[in-house]
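Trainee: Based on the provided sequences and hints, a complete structural model is requested.
Same order as they appear, the protein sequences are chains F and P. Per this note's numbering, the first sequence runs over residues 1 to 274. Per this note's numbering, the second sequence runs over residues 1 to 339.
Think of the hints as simulated: they come from the structure by calculation, not from any bench. Please note: incorrect hints may appear among the correct ones.
As the list claims (entries may be wrong) - Only pairs whose alpha carbons sit at most 35 Å apart, straight line, appear in this in silico DSBU-like list of lysine-lysine: (1) Lys10/F with Lys270/F; (2) Lys200/P with Lys247/P; (3) Lys10/F with Lys87/P; (4) Lys247/P with Lys270/F; (5) Lys149/P with Lys15/F; (6) Lys270/F with Lys149/P; (7) Lys227/P with Lys35/P; (8) Lys189/P with Lys200/P; (9) Lys269/F with Lys15/F; (10) Lys87/P with Lys35/P; (11) Lys87/P with Lys227/P; (12) Lys270/F with Lys35/P; (13) Lys261/P with Lys269/F; (14) Lys200/P with Lys227/P; (15) Lys189/P with Lys269/F; (16) Lys270/F with Lys15/F; (17) Lys269/F with Lys227/P; (18) Lys247/P with Lys87/P; (19) Lys247/F with Lys269/F; (20) Lys10/F with Lys269/F; (21) Lys189/P with Lys149/P; (22) Lys270/F with Lys87/P; (23) Lys10/F with Lys149/P; (24) Lys87/P with Lys269/F; (25) Lys247/P with Lys261/P; (26) Lys200/P with Lys149/P.
Keep in mind that this is a model prediction, so the values were computed, not measured.
One letter stands for each residue in the lines below.
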Amino acid sequence: MSAVRREFVKTLFQKRTYIGWAGLFLVPFLITLAFRFSSGGPHDAGGGADAGQMIFEQIRTNGMWVLVAALLALATFLLPLLSSMSGSYTVAGEAENGTLRTMLMQPIRRGTFLMAKWFVANVYVAIGMLLMGVAALIAGGAFFGLHPVTLFSGQTVGVGHALGLTVASYAFVMVGMITVVSLATFFSTLTNSSLTAVAGALVLVIIMQALGAFSVFDFLMPYLFTSHFDAWTNLFRSPVEWAPIIKALINFAVWIVGMTGLAYVRFRKKDILS
Amino acid sequence: MYAERFDPALDELLPRGCDNRPVVLSTSGLTKDFKNLRAVDGLDLSVCRGDVFGFLGPNGCGKTTTIRMIFGLTYPTSGYVQVLDHKVPGDRLEALRHLGGFVDDPMFYGNMSARRNLSLLGEMNGEVSRERITEVLEIVGLAERGGSKVGSFSHGMRQRLGIALALIHRPDVIVLDEPTSGLDPQGMKDVRELVRELGKQGTTVFLSSHLLHEVELVCNRAVIMNKGRIVMQGPVSELHPASHAVKVLTGDQTRAWEIIKAMAAPGSVREDEGYITVESGDGFVPEMVRRLVAGDVDILAVVPAIEQGLEDMFLSLTAEANNEPGAGAPPEGMGGVTR
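Mentor: Given below as structure tokens:
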């Protein structure tokens with residue numbers, strides 16, 4: 001636990017930590033203000049197009065949808081970007097600053113060091129998503145009020161139930177972001193430049209998303225984690241459609257274990273030359 | 001007190017070297033290849049308890065790569081490092097508990113204060129008290145800047161903080177990679193004093209430097225490295241040869257050269273900026289004067305040659321290893337020196 005605590009202290013001493021969190025806290029307010037002072041919706045709902053359309057239509061009547069809209073809007077780019085940055089800093093960022101050798105000259109196992117950094121990188125994203133949710137709740141409640149929610153399947157559930165579904169959705173997207181963090185952590189062990197690692201991970205995420213736009217690549221969809229990012233919308237149906245959710249979680253788990261495992265193997269034998 | 005006294009029971013178990021002192025840091029056949037480059041080539045060295053050990057060599061000779069292998073930062077292609085009774089890389093964690101120091105420029109977390117850096121990094125070796133942090137900051141002259149962010153520190157201040165971190169857990173062996181690099185003259189003097197003091201108190205110091213006079217001033221034993229290999233190792237006093245050379249200037253240097261060469265040992269006569277320089281022994285100079293006079297050569301001057309310093313020897317040895325033209329033969333008379 002001391003390794004995790006140490007990494008968390010280091011994270012708290014970095015300015016970019018607060019910039020990322022501030023961004024995630026502000027976006028729900030911006031979304032709310034945009035809907036409050038305009039009559040139309042966003043140009044592109046993103047994510048699941050049908051669900052997105054429905055969510056953005058209902059925001060003005062119910063602040064509960066701000067939480068969901070924020071998730072839908074950020075899960076495709078800002079959250080993966082933040083997760084890439086967080087994962088990329090684990091090894092490459094420290095190598096870039098020259099502090100990697102300072103750390104590894106102390107008696108700590110490389111595996112412990114890497115896993116503590118991976119864990120804290122995920123905690124950082126989780127705190128960011130928590131701030132995002134809290135901000136969305138405050139903004140939605142303040143501007144549109146919190147009311148019972150009509151699900152995509154037509155049934156209406158109370159605020160408490162809807163809040164529970166929203167928390168589950170955030171948790172699901174968080175697992176998706178752990179996948180991105182793991183991918184970025186692996187890239188981070190391959191280079192001494194955090195920017196290269198961020199670019200590597202993010203470009204791969206964008207390529208995966210782009211492949212989803214062409215039917216010719218449909219055969220790849222089950223294997224690409226990005227194609228499962230919006231499976232959480234199935235939670236807002238009654239009964240819940242578990243099959244796509246479970247399929248997505250299995251996909252995420254395979255990527256997480258695979259990428260983290262590769263990062264671990266690579267880092268344990270890496271020559272630290274930075 | 002800079003360092004804790006060593007454990008006598010453990011020392012009993014260690015191999016002995018240099019005046020029967022225990023060997024606390026050694027390398028055995030240590031080799032490191034980077035693709036087509038052999039950076040370190042079968043390095044065998046032994047550092048004994050209480051040594052202030054100089055690790056000399058030109059840039060790119062493999063010093064820093066060796067230190068990285070000592071700390072387990074890079075993996076040897078073959079061979080190993082031994083710190084007390086712990087082998088690196090196999091038993092890296094235990095070895096690191098007995099090591100302190102830095103490689104290249106010591107780097108810290110710039111947004112944290114010096115104190116917090118020492119606390120964060122120092123606790124990885126066990127609990128670190130505020131008093132101990134204050135103590136090491138005082139030793140390196142940073143007590144008043146302990147609360148300042150390291151990002152505002154100069155290179156020299158980071159060097160000092162690096163030494164403070166190296167001292168914090170009172171290790172048996174301190175490995176310093178060019179610790180006076182970037183320091184002002186007073187800072188260099190302070191660091192050398194500190195290293196000497198550490199040695200006096202029983203801490204073994206492994207000091208990498210390209211400043212030859214620094215090694216002469218501070219170290220008791222040294223190795224000279226070139227192209228990944230040791231070209232010489234031994235006590236600094238023996239690396240620094242006793243020379244009895246004299247320089248001779250006469251009215252007829254050509255005739256004098258013939259006379260002197262005929263009486264001197266092979267290879268001990270050379271021409272040096274218009275003088276004839278010759279290695280002399282007991283009774284050599286009076287006999288040489290007699291023969292020159294008998295040969296009708298006017299003697300203008302016979303003066304002692306300036307003793308060859310470690311720097312000359314270092315340049316001579318590294319040039320020889322590089323097969324550079326004009327490289328001098330290694331000086332003779334170095335008993336006890338491994339080559």
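Trainee: All hints are to be evaluated individually against the structure, with a verdict given for each.
Mentor: Results for each hint:
| no. | hint | result |
| --- | --- | --- |
| 1 | Lys10/F with Lys270/F | holds, 23 Å |
| 2 | Lys200/P with Lys247/P | violated, 40 Å |
| 3 | Lys10/F with Lys87/P | holds, 31 Å |
| 4 | Lys247/P with Lys270/F | violated, 56 Å |
| 5 | Lys149/P with Lys15/F | holds, 14 Å |
| 6 | Lys270/F with Lys149/P | holds, 31 Å |
| 7 | Lys227/P with Lys35/P | holds, 16 Å |
| 8 | Lys189/P with Lys200/P | holds, 16 Å |
| 9 | Lys269/F with Lys15/F | holds, 31 Å |
| 10 | Lys87/P with Lys35/P | holds, 25 Å |
| 11 | Lys87/P with Lys227/P | holds, 25 Å |
| 12 | Lys270/F with Lys35/P | holds, 14 Å |
| 13 | Lys261/P with Lys269/F | violated, 60 Å |
| 14 | Lys200/P with Lys227/P | holds, 32 Å |
| 15 | Lys189/P with Lys269/F | violated, 39 Å |
| 16 | Lys270/F with Lys15/F | holds, 29 Å |
| 17 | Lys269/F with Lys227/P | holds, 25 Å |
| 18 | Lys247/P with Lys87/P | violated, 51 Å |
| 19 | Lys247/F with Lys269/F | holds, 34 Å |
| 20 | Lys10/F with Lys269/F | holds, 24 Å |
| 21 | Lys189/P with Lys149/P | holds, 25 Å |
| 22 | Lys270/F with Lys87/P | holds, 19 Å |
| 23 | Lys10/F with Lys149/P | holds, 13 Å |
| 24 | Lys87/P with Lys269/F | holds, 17 Å |
| 25 | Lys247/P with Lys261/P | holds, 13 Å |
| 26 | Lys200/P with Lys149/P | holds, 33 Å |
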